[in-house]
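Chemist: Here are the chains, one letter per residue:
Protein chains: 2
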Amino acid sequence: MAATSWEDSVKSLKGVILDMCGVLYDAGEDGGTPIPGSVEAVKRLKASDLQVRFCTNETQATREVFVAKLQRMGFDICVSEVFSPAPAAVAVLKERGLRPHLLVYDGVVPEFDSVEKANPNCVVIGDAAEKFSYQNLNDAFRVLIGLENPVLFSLGRGKYYKEDEGLNLDVGVYMKALEYACDVEAEVIGKPDPMFFQKVLDDMGIQSHQILMIGDDLVNDVGGAQHCGMKGVQVRTGKYRPSDEKHPTVTADGYVDNLAEAVETILKLRGQ
Amino acid sequence: MAATSWEDSVKSLKGVILDMCGVLYDAGEDGGTPIPGSVEAVKRLKASDLQVRFCTNETQATREVFVAKLQRMGFDICVSEVFSPAPAAVAVLKERGLRPHLLVYDGVVPEFDSVEKANPNCVVIGDAAEKFSYQNLNDAFRVLIGLENPVLFSLGRGKYYKEDEGLNLDVGVYMKALEYACDVEAEVIGKPDPMFFQKVLDDMGIQSHQILMIGDDLVNDVGGAQHCGMKGVQVRTGKYRPSDEKHPTVTADGYVDNLAEAVETILKLRGQ
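So the protein lines, in turn, are chains A and B.
So that you can map any letter, position 12 of the first sequence is 23 in the numbering used here, and since no number is skipped, the others follow by simple counting.
So that you can map any letter, position 226 of the second sequence is 237 in the numbering used here, and since no number is skipped, the others follow by simple counting.
Next comes chain A alone, as it looks inside the complex (with noise of 0.2 Å):
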């Protein structure tokens, strides 16, 4: 395999910064299964000498849920290395004042528990999945439409997730439709959002130019990761498609099969 970019830089790593959900395990009605090899790969990392953190766009559950599924799976991993946008949302909205309204799956519903509801001025939305009802977007649409000046936070702006029975709708879509109903453009919480990225590079203690990220979604992981000055790598596994790397304006410092190659790449010309 030629050198690429990413490669050239692996011996100035200092930390890595993982994508999950495509990266680690693939999604499912049962919890999702792990992607084979993944479970040693993040094992390998943690033995290293790079910083290892979990960044995900995952708003179905609590990270305290999420995390204790990912664990039962098999992954060394735990709450205080995953970042995840309920909580900086949280923090948003208790700063700014704002009451949300929430149209959200029930899961991640208790991450909000400590904030005022009552007489919304604002709303919230994430991957609520099967809550995307009409139903619900109407009255979040409302809800934004009375307000004199909408404010609308999305939890990412993602297109579409793998299932194991195919592509899903997620929030980023929902978004623009809102966006579109109401005037209004939204402010995204989540990854690409170059502020939610320096959340963990904060927690890191170390420069973008140090940080891999390795993640299944072009635009939100690899092209995410690069605006704020880390490397990007796309894995074949998860949301990847082939015409990912003919993109018009995100192209990937480098290309791995899955999560084991990319580990195994890292490891071996670092010579551990």
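Don't read these hints as lab results, they were simulated from the structure.
Check before you lean on any hint, since a few could be wrong.
For identical chains, the list gives no copy identity; a pair is met inside one copy or between any two copies.
Using 16 Å as the maximum straight-line C-alpha spacing, the simulated EDC-like pairs for lysine to aspartate or glutamate come out as follows [claimed, not checked]:
id, residue 1, residue 2
1, Lys54, Asp264
2, Lys279, Asp60
3, Lys57, Glu92
4, Lys142, Asp117
5, Lys22, Asp60
6, Lys54, Glu272
7, Lys210, Glu256
8, Lys257, Glu159
9, Lys173, Asp37
10, Lys128, Glu256
11, Lys54, Asp87
12, Lys57, Glu275
13, Lys128, Glu174
14, Lys142, Glu51
15, Lys80, Glu159
16, Lys257, Asp194
17, Lys257, Asp214
18, Lys173, Asp150
Fit chain B to the given chain A structure using the hints.
Modeler: Showing chain B alone in chain A's frame:
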């Protein structure tokens, strides 16, 4: 009342095109109710020397069923005077040999009876209302994303309309959702598409500058008509909102409180 540009042009008018929902009647779960004065206004207009047509983005019923509903409300109207998106879409599908996956309201499905639908190679969405479930939108998305050249038709591009109890999301919102999900631009069949208005103009056989469009949708009725060289007046009924009068890109040629006032003004200025 000061003379405005549309009033100056009233004497040279040869025809009037009326939007339906929000101008003739207000939609509602019980089928809707006539807007006060509109039944009489249509009668007076049709008794004048002006040609009258009806142009709607209504896609919840076949034209036959829809017109029968208006007749029951007391309106003097017949099917041949009404232009709606579904029959126009059927013509386009047949012309281009396309087989649609339909995401439309049950009531309009019979309009597509004569179109081959097996093994779909395009998607047609209409105002599907509560049929816009997550599952149904995802099904349409999967058809589109699976096509080498995704083709999406949207029966109108409206943002919302008014029903008894408030504003409801319209087809344009879901068009934007699928456009974003699949990186595709929808082909709009219905107002404000110029091709759609042209069918009405062809039927009337008069020049566009001799025609006045009266509607409650600033962008789709008024803006669409103006784009084709007609005058466009907005009624302050239906989905009208005061902020329309300060819209950044579309300025109506005039405002009236309702259709009755528009017709009263037109006939008075023409000495009828």
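Chemist: All hints are to be evaluated individually against the structure, with a verdict given for each.
Modeler: Hint-by-hint comparison with the structure:
When the C-alpha separation of Lys54 and Asp264 is checked against a cutoff of 16 Å, the pair qualifies neither within a copy, at 24 Å, nor between copies, at 69 Å. In the homo-oligomer, the alpha carbons of Lys279 and Asp60 lie at most 16 Å apart inside one protomer (13 Å), although the nearest pairing across protomers, at 86 Å, exceeds that limit. With identical chains, the CA atoms of Lys57 and Glu92 are at most 16 Å apart within one copy only, with a shortest distance of 11 Å there and 72 Å across copies. Only within a single protomer do Lys142 and Asp117 lie at most 16 Å apart by alpha-carbon distance; the minimum there is 8 Å, versus 22 Å between protomers.
For the identical chains of this complex, Lys22 and Asp60 are intra-copy neighbours only, at 11 Å inside a copy versus 84 Å across copies, given an alpha-carbon limit of 16 Å. For the homomeric pair Lys54 and Glu272, the shortest alpha-carbon distance inside one copy (14 Å) is at most 16 Å, but the shortest distance between copies (75 Å) is not. In this homomeric assembly, Lys210 and Glu256 never come within 16 Å of each other (Cα to Cα): the closest approach is 29 Å inside a single copy and 43 Å across copies. In this homomeric assembly, Lys257 and Glu159 come within 16 Å of each other (Cα to Cα) only across copies, at 15 Å, whereas the closest approach inside a single copy is 42 Å.
Taking identical chains as interchangeable, the C-alpha atoms of Lys173 and Asp37 lie at most 16 Å apart only when both belong to the same chain, with a minimum of 7 Å there against 42 Å between chains. Within a single copy, Lys128 and Glu256 get their C-alpha atoms no closer than 43 Å, and across copies no closer than 33 Å, so neither meets the 16 Å cut-off. Taking the shortest Cα distances, Lys54 and Asp87 sit within 16 Å of each other inside one copy (6 Å), while across copies they are farther apart (76 Å). Taking the closest pair of Cα atoms, Lys57 and Glu275 come within 16 Å of each other only inside a single copy of the chain (13 Å); across copies the shortest separation is 79 Å, beyond that limit.
In this assembly of identical chains, the alpha carbons of Lys128 and Glu174 never lie at most 16 Å apart, being 32 Å within a copy and 27 Å across copies at closest. When the C-alpha separation of Lys142 and Glu51 is checked against a cutoff of 16 Å, the pair qualifies neither within a copy, at 35 Å, nor between copies, at 44 Å. With identical chains, the CA atoms of Lys80 and Glu159 are never at most 16 Å apart, being 41 Å at best within one copy and 37 Å at best between copies. Taking the shortest Cα distances, Lys257 and Asp194 sit within 16 Å of each other only across copies (14 Å), while inside one copy they are farther apart (32 Å).
In this homomeric assembly, Lys257 and Asp214 never come within 16 Å of each other (Cα to Cα): the closest approach is 33 Å inside a single copy and 47 Å across copies. In this homomeric assembly, Lys173 and Asp150 come within 16 Å of each other (Cα to Cα) only across copies, at 14 Å, whereas the closest approach inside a single copy is 27 Å.
Violated hints, in rising order: 1, 7, 10, 13, 14, 15 and 17; the structure is consistent with all others.
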